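Protein chains in written order, with the numbering used here: chain Z, 685 to 860; chain P, 685 to 860.
Take these hints with a grain of salt, some might be off.
What the hints assert, rightly or not - Which chain Z residues stay away from chain P? Per the calculated CB distances, all over 12 Å, these:
1. Leu696
2. Thr716
3. Glu726
4. Glu784
5. Asn785
Unchecked claim - Ranges between beta-carbon positions, derived for each pair:
6. Z:Thr730 / P:Thr721: 41 to 51 Å
7. Z:Leu854 / P:Glu831: 32 to 42 Å
8. Z:Gly839 / P:Asp729: 43 to 53 Å
9. P:Glu831 / Z:Ser836: 28 to 38 Å
10. P:Ser752 / Z:Lys849: 19 to 29 Å
11. Z:Lys851 / P:Glu726: 47 to 57 Å
Said to hold, decoys possible - Stretch-level coverage of chain Z by chain P, calculated; a stretch enters the list once three of its residues show a Cβ under 8 Å from a Cβ in chain P:
12. 685 to 693
13. 701 to 712
14. 748 to 757
15. 846 to 856
Because the hints were derived from the structure by calculation, they are not lab data. All of these numbers come straight from a predicted model, not from anything done at the bench. Idealized CB from N, CA, C, for every residue including glycine.
There are 2 protein chains.
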Amino acid sequence: MVIEVIRIGQRLVRDDRVTTHVALVARAFGATKIFMTEVNPEIKDTIEKINRTWGGNFTVEFIDSWKSIVKKKKDEFKIVHLTMYGENINDIASQLGKEENLLIVVGAEKVPREIYELADYNIGIGSQPHSEISALAILLDRIQKGEQFLRSFAGAKRKIIPTKKGKNVLVNETRD
Amino acid sequence: MVIEVIRIGQRLVRDDRVTTHVALVARAFGATKIFMTEVNPEIKDTIEKINRTWGGNFTVEFIDSWKSIVKKKKDEFKIVHLTMYGENINDIASQLGKEENLLIVVGAEKVPREIYELADYNIGIGSQPHSEISALAILLDRIQKGEQFLRSFAGAKRKIIPTKKGKNVLVNETRD
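Pulled out of the complex, with its shape left as it was, chain Z reads as follows (with noise of 0.2 Å):
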């Protein structure tokens, strides 16, 4: 399963720190990709940065246009739009975890109505208001069901190593 994540509706400066979480998120939990619009470009240094430090591939895509993204991507991809007057992901996330790809519709406060008609899933994270930050990442982890946190990240400089106390990193000092 491909998993690509588009963030929509975000206003400058003041959705940035929020924006970003939507990012890390994106990219801690599995997806391969976040396409977003009128963004602060220091969101996609910071990625960068993390993926140099923790390993992968994420990558920020910036667009123009979300709606010509969704709809070029609608061939290969089901839509899932994250709203909490959507579906309880409760009843759908089994259904969900059997599509083959996935794009991943995230919004801040305000988002257009023609979402709810393009999206294929429109997905309530319960149906009481919290953060677009714990819904991708609710959403994420129902469908993978928890396997995105066994997955190694390549090229890692620095790796964890759980542990009960304390902190316990693996430094890979040969990459630089």
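We have chain Z already, so just place chain P on it with the hints.
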């Protein structure tokens, strides 16, 4: 099981938005309370407004010292510290689910070393950097196995009926 959350180490202004999202996740995912230090009072107003509209009795309590709260709670609660260096959630979720009461410690970028020792569990939601918002969400979802999304929030003015397209909201006009 009673679940409470304590936010530590956040920086004023810079972390306000993230702390608000942490509080919203705590509320939406079945915790009853969040403790926080050094915080913008607006966060409490935001959460109370959410309670009035969407129901429930989730509370925000401002504190002076996280350490005295953690030490006081240790008698009745297991202390769970979220850290990317901790034991993998995949290995420990079922054990956590059997505990009676949990106090979950959510750090910001820097946390005091002591917390690793004070905690009964140091848990990593994977070992890659992402967000304290997503980390808290995954922990609460895994512990409660999604049951938090089936509970209703008492006294809600608005209640979402999950739906495949668009928005379906029950509005309770009689509450005011």
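Here's how the hints hold up against the structure:
Residue placement check: Leu696 of chain Z keeps its beta carbon more than 12 Å from all beta carbons of chain P (closest about 14 Å). Against the 12 Å criterion, Thr716 of chain Z stays outside the reach of chain P, whose nearest CB is about 14 Å from its own CB. The beta carbon of Glu726 of chain Z is kept farther than 12 Å from every beta carbon of chain P, the shortest such distance being approximately 15 Å. Every C-beta of chain P lies more than 12 Å from that of Glu784 of chain Z, the closest at about 21 Å, which supports listing it as non-interface.
Interface exclusion of Asn785 of chain Z from chain P stands, the closest Cβ pair being 21 Å apart, more than 12 Å. Our hint of 41 to 51 Å for Thr730 of chain Z and Thr721 of chain P is violated, since their Cβ atoms are close to 27 Å apart. The beta-carbon spacing between Leu854 of chain Z and Glu831 of chain P, approximately 37 Å, falls within the hinted interval of 32 to 42 Å. Between Gly839 of chain Z and Asp729 of chain P the beta carbon distance is about 46 Å. The supplied range of 43 to 53 Å therefore holds.
Between Glu831 of chain P and Ser836 of chain Z the C-beta distance comes to about 32 Å, which sits within the given range of 28 to 38 Å. A C-beta distance of roughly 22 Å is found between Ser752 of chain P and Lys849 of chain Z, which places it inside the suggested range of 19 to 29 Å. Roughly 34 Å separates the CB atoms of Lys851 of chain Z and Glu726 of chain P, a value that falls outside the hinted 47 to 57 Å. With 0 residues bearing a CB less than 8 Å from a CB of chain P, the region 685 to 693 of chain Z misses the requirement of three and the coverage assertion fails.
Here's how the region 701 to 712 of chain Z fares: 7 of its residues keep a CB closer than 8 Å to some CB of chain P, so the rule of at least three is met and the hint holds. Requiring three or more residues with a Cβ within less than 8 Å of a Cβ of chain P, the coverage given for the region 748 to 757 of chain Z is violated, as only 0 such residues are present. For the region 846 to 856 of chain Z, the proposed coverage by chain P is satisfied: 8 residues have a C-beta within less than 8 Å of a C-beta in that chain, meeting the threshold of three.
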